[in-house]
Every structure is written in structure tokens, then in C-alpha cells.
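Engineer: Spelled out, the chains give:
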Amino acid sequence: MSEAIYKPVISRSALRYRKLRDRAIETLLLAAGLVAVFTTLAIVAILLIESSAFFEHVSLKEFFTGTMWTPLFADARYGIAPLVAGTLTTTIVALLVAVPLGTTIAIYLSEFAPHKVRETVKPILELLGAVPTVVYGYFALTMVTPALQWLMPELPGFNMLSAGLVIGLMIVPYVSSLSEDAMRAVPRYMREGSYAMGATRLQTALRVVVPGAFSGLAAAFILGISRAVGETMVVAIAAGMQPNLTFDPREPAATITAYIVQVSLGDLPHGSIGYQSIFAAGLVLLMITLVFNVIGFWLTRRFREAY
Amino acid sequence: MSANAAAHRSIEALRQDLSRRKILDRLFVIVGLIVMLACLMVLAVLFIDLVRDGAPRFGWDFFTNFASRRAERAGILAAWVGTSLIMIVTAVCAVPVGVAAAIYLEEYAPKNWFTAIIEINVTNLAGVPSIVYGLLALSLFVYQFDLGQSIAAAGLTLALLILPIVIVATRESIRSVPKAIREAAYGLGATRWEVTKDHVLPYSTGGILTGMILGLSRAIGETAPIITIGALSFIAFLPQSPIQSEFPFISFKWLGDPFTAMPIQMFNWVSRPDPEFQANAAAAGAILLGMTLLMNGVAIWIRYRFRKKINW
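Chains as they are written, first to last, in this note's numbering: chain A, 1 to 307; chain B, 1 to 312.
Keep in mind that the hints were calculated from the coordinates and are not lab data.
Do not take every clue at face value.
As the list claims (entries may be wrong) - Taking lysine-lysine and the DSBU-like style, the derived pairs with C-alpha atoms no more than 35 Å apart in a straight line are:
1. B:K308 <-> A:K122
2. A:K122 <-> B:K111
3. B:K308 <-> B:K179
4. B:K197 <-> B:K179
5. B:K197 <-> B:K308
6. A:K19 <-> B:K179
7. B:K111 <-> B:K308
8. B:K22 <-> A:K116
9. B:K179 <-> A:K122
10. B:K197 <-> B:K111
11. A:K116 <-> B:K179
12. B:K111 <-> A:K116
13. B:K179 <-> B:K111
14. B:K22 <-> A:K122
15. A:K122 <-> B:K197
16. B:K111 <-> A:K19
17. B:K197 <-> A:K19
Generate the whole structure from the sequences, applying the supplied hints.
Structural biologist: Structure representation (C-alpha cells):
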């Protein structure tokens, strides 16, 4: 009798098996989580290793101070400045489009639009960021550039202006979506306090909500910058692929990303200096995005409002 | 009397100021609406423009012809087959790993510096430019692992690229499962894995599916990383068939075959000076855009349905 009472429902060995299985599964799941860490490490390691082979042939001084980038010519020059100038110019043009448009849309959706409009428009707007970039490249080359040429007849067929404008449109949803989230996180009582003082919705939005959400806005802009700096296909298609040390957006120029594409399209032998040069270019690209991310991190920290 | 007049004047000034501010307020509503509609219009214009430019190419032949030197005969057969196979590899690699990583971070991970490192890595990877993934793949997959310029290399590259998207989406949907459900299952003696497998995962299927589709819709249009690993743009043959007539009937030889993909094919046509090819580019772009929008639409629909169905 008493034996039956004390007999456990689950046998000890079954319990041990379940515990072991749980431990094994946890290890597997952890391994999946570590893939992200290894990817980061691999990216950094490979860029450093391949670039160090590049810098055995090219001095750092030439790389950073040279003003010509012609690694594929017989008279090879390795000054990264033209590519960096191209990248910065298209990024600035893109931000001049995306920041005002994105912020306006965010303020409108967060402070003015009825609930239904917001819930409908936001996903549709996000589709704008999902369009394949090669399609945006076609758009820039065959629609935006001709339209700009109609305004400015002397504009060349390849130019950074049209590429930058289209990248700007592309990153509007990133900026607006994140900004809107940040603005909606500003507590209701702050708005009500402002309304009680007789402020209109616009005044409340500009003087209470936007300053309150500043750290979120900064994060949104930084994300936009990262996207613009790393954007490849639009500039490869619409801005031409000639390295050109200029900050004039009306000129054609190559960006860091466009150069990597240009080299990859050819058939460079593994281990040649041309092959190594795209890794050096990639390292510079990663550094630029890293710098912006650090600035963004600092800004969000510095201006975070705790509610 | 003059004090009264002054008060009257200041009220008048206040009224004027108020009406001016109200006008500004209304003006902003109009500006906001215009800006928003303009951005939405861009999407419509983009699609209409592609369909109009590509109209002469639409037809059965476009899907069943290989690329050709003659624009009107060139098709996307190799491209869409390549894209489909790459997507299979990407999905098979990214979804299990991404979901597993998300489960670990939400259900298992202790709160310590080690977990923080994994989380920071996931966030940072989402911000790495896609072409950098291409460089990683070129050096690691193509040369170190000796996969060559193959479907497997491309699929793995895109899998790494969309991993953060899958992880973030899965985490969000796991997080939205109420604690009470977990507690109830633990109370009945379930182990952590049993709680996760039988309760948490079924409730978060919608979010996981959404993340998977959004990730794949990003991967399908990615051009730069697979150009970097050296996809060929002129391919007039198909990869080896995955289904064989002899035992064991299934072959994985296609994984090692060279390939082309839809965005690569489109890029190749866009960059040709011959305007005849722009029609091909537009037609390929319309199909690519259509597929992306369709996938996003399905994702939104799934999210909406699951949100409606579940009432905690």
C-alpha cells in the first residue's frame, strides 16, 4: 500500500532526461545567439586582415592625403579622399530631403492625424523603405535626372544630386517612423500642460514634444545617415562611377560603395591589389558609420529625458 | 478711461495673435498632408512608371527566355530561378538561427554583460551597410570556405544580412506573450523548453512569420552584396535540378552552381547604354517591386490578423 503512495508520477530517469534535454537545447539556442557575435568579429577581422595586405603596398599617408583614386589604372594612385567626398555629398543631399520631410510627417502623424490615418499611413509609408534599391536606381536615372535636366539643362546624365534626392526619399520612412515613435512616447500630461497655457497644437509640437523627444529624433537621424552612407545601388546606377574630388552635387562622382561595386563587376584576381583595395574602402565605410553611431549614442545619452 | 482702452487694445492684440497662431496651426496640417501624400505618391509613380516602361516586355517569353544580346528576346529565366533558390537557402539558414537566438535572448539569457554583448551585436549588425556583408562573404565564403561564386555563398550572405531582422521581430512577438501563461505552465511542472515550445512559440507564430517574410522581402531586393561576391550577370543555363530521376531523387549539386538573380539582372540591363534594354530593366523592376510589395502586404496582413485573433 504505502509503496504505491510514494511512487512518483514521473520516474527519476525521465526527470533526468528532461533536464538533460533542456540543458542541451539551451546550449543550442546560445550557439544561435553567438552567430551574431561571430558575424561582427568576422566582419572586423576580415576587413582588417585584407586591408593590412593593402597597406603593405600603400602608405597610410598616401591613402589619407592623396587626392586621386585610380587603383585600376597603370599609374595607380590610392588617395581615398575623392570617394569619401562622393559619399559625404550624396549623404548630405539625402539628409536635406529626408530630415525635413521625415520630421514633418512624424509631427503630423503623431500630433495632428486621427488614429485611423496614422495606423493606415504608417505601414504604407514603410513600404517606401522596402523598395529594392536597384529599383530606386532606375527611378533616379530614368525619371529624376531627366526632370532635373529640364530645370537645369547643363546637368550631366550622371550626377550626385539625383542619386542623393532619391536616397533621401528612400530613408524618409526610417526617419519618420522612428521619430513618430519617439514623439508618441512623450507623456500626455506634458502636452496637456502646454494646451492649458493656451498653446496651439503646432506650438506644443515644436516647443514641447520635439524637445522632449530629442534623443529619439537624434537616433532616427543617425539611422538615416547610416543608411545613406551605406547605400550602394542608387549611386552606382545614377551618380556615375568616376572618382571625382568635389562637393558639388551637380557633378558625377563615385562613392565608396560604388567603387566596391565597380571592382566587383570586373574580374579581379584574388589577392591582387585591386581586390585588396575594396576591403580598405569597406573598412573606411564601416569607420564612417561607426563614427556616426558613436555620435548618435552620445546624443541620445546626453539629451535623454526621463519621464 | 485710457487704462480701459489700453486693456481693450491688448485684448485685441491677443486675439490677433491667437488667430495668427491658429492659422499657422492649420497651415501646418495642410503642409503635413501634402508632404505625406507626396511621399505616398512617389510609391505609386514608381510602380506605374516601371509597368509603363516595361509593358512591351511583359509576356510568357520574358519568364522563359534566358538573357540575350537582343533586348526584345532577353528574359529573366535564369534570374528568377536563381533568386528562388537563393531565397530557399536564405530562409533555411536565417529562420532557425534567428528564431533560436531570439528565444535564447528572451527566455533563457541571464541579465549579465555577456547577454548585453549579444544584444549590442544584434543591434549593430542591423546598421552595418549591406555591401560590407558582401565583402565578408567574398573573403570568407567564396575564398576561405571555397564555396566559390555559388548559390550557397549568396544564400548564406543574405541569411547573415537578414538575421537581425528575424531576431528583432521574433523577440518582439515573444515578449508580447503574457507572463501569466508561462507561470501557469511552470506551475504544472513544465521545463523551460516545454514552456517555450508548447506555449510561447505557438502564440508568437504570427510575429515570427511576419519577421521571416519581411526579412526575405529585404533579401530578395538586395543587390550590392551578391554583386560583391561576384554573381555573373550573363548566364544562359539553369542550375542543376534539385530533383533527379534516379536514386536518391534529391540532389544538392545546385548549391554549388553559379547563378544570377533578379536585381543583378536588372542592374545589368539598367547600366547598358542601349535604350532598348531599359524596357527589360523596367519589366524586371516591376516584377521585383511587385514581389516585394506583395510580401510586405502579406506580412502586414498576418500581423493584423494575429493581433485581432488573440485576446489575452
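Engineer: Each of the hints needs a verdict: does it hold here or not?
Structural biologist: Hints versus structure:
no. : hint              : verdict
1   : B:K308 <-> A:K122 : holds (18 Å)
2   : A:K122 <-> B:K111 : holds (34 Å)
3   : B:K308 <-> B:K179 : holds (20 Å)
4   : B:K197 <-> B:K179 : holds (15 Å)
5   : B:K197 <-> B:K308 : holds (23 Å)
6   : A:K19 <-> B:K179  : holds (22 Å)
7   : B:K111 <-> B:K308 : holds (33 Å)
8   : B:K22 <-> A:K116  : holds (24 Å)
9   : B:K179 <-> A:K122 : holds (29 Å)
10  : B:K197 <-> B:K111 : holds (22 Å)
11  : A:K116 <-> B:K179 : holds (30 Å)
12  : B:K111 <-> A:K116 : violated (38 Å)
13  : B:K179 <-> B:K111 : holds (17 Å)
14  : B:K22 <-> A:K122  : holds (27 Å)
15  : A:K122 <-> B:K197 : holds (33 Å)
16  : B:K111 <-> A:K19  : holds (22 Å)
17  : B:K197 <-> A:K19  : holds (15 Å)
Going down the numbered hints, you'll see the structure goes against just number 12.
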